[in-house]
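> Sequence:
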Amino acid sequence: MPAVLVAGKRLDELETEIHRSLDDEPSRTPKRAEGVKGMLVLIKVRIATTR
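Position one of the sequence shown corresponds to residue 1477 (this note's numbering), numbered consecutively onward.
Derived from the structure by calculation, the hints contain no laboratory data. Treat the hints with care, as some may be off.
Derived DEER-like restraints, expressed as beta-carbon distance ranges [as the list claims (entries may be wrong)]: (1) Thr1525 to Asp1500: 17 to 27 Å; (2) Val1521 to Thr1492: 10 to 20 Å; (3) Thr1526 to Asp1500: 25 to 35 Å; (4) Val1521 to Lys1485: 30 to 40 Å.
Straight-line C-alpha distance at most 30 Å; calculated DSS-like pairs for lysine-lysine [claimed, not checked]: (5) Lys1485 to Lys1507; (6) Lys1507 to Lys1520; (7) Lys1485 to Lys1513; (8) Lys1485 to Lys1520.
We treat Cβ as the ideally placed atom computed from N, Cα and C, and that holds for glycine.
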């Protein structure tokens, strides 16, 4: 299966970067962090269903 690019990055690299950013920034609220993680899930589902 070919790599999926999102914003010019492989999806798995982007996900790792986002998780690292959320973990490194304690100023972000847990609710916002969960929202960002939820968006990642939606992106993955959208990609999987459009293939």
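> Look at each hint and say if it fits the structure.
For each hint, the structure was consulted:
| no. | hint | result |
| --- | --- | --- |
| 1 | Thr1525 to Asp1500: 17 to 27 Å | violated (32 Å) |
| 2 | Val1521 to Thr1492: 10 to 20 Å | holds (19 Å) |
| 3 | Thr1526 to Asp1500: 25 to 35 Å | holds (32 Å) |
| 4 | Val1521 to Lys1485: 30 to 40 Å | violated (19 Å) |
| 5 | Lys1485 to Lys1507 | holds (26 Å) |
| 6 | Lys1507 to Lys1520 | holds (20 Å) |
| 7 | Lys1485 to Lys1513 | holds (17 Å) |
| 8 | Lys1485 to Lys1520 | holds (14 Å) |
Violation of the numbered hints given earlier is confined to hints 1, 4; the remaining hints are satisfied by the structure.
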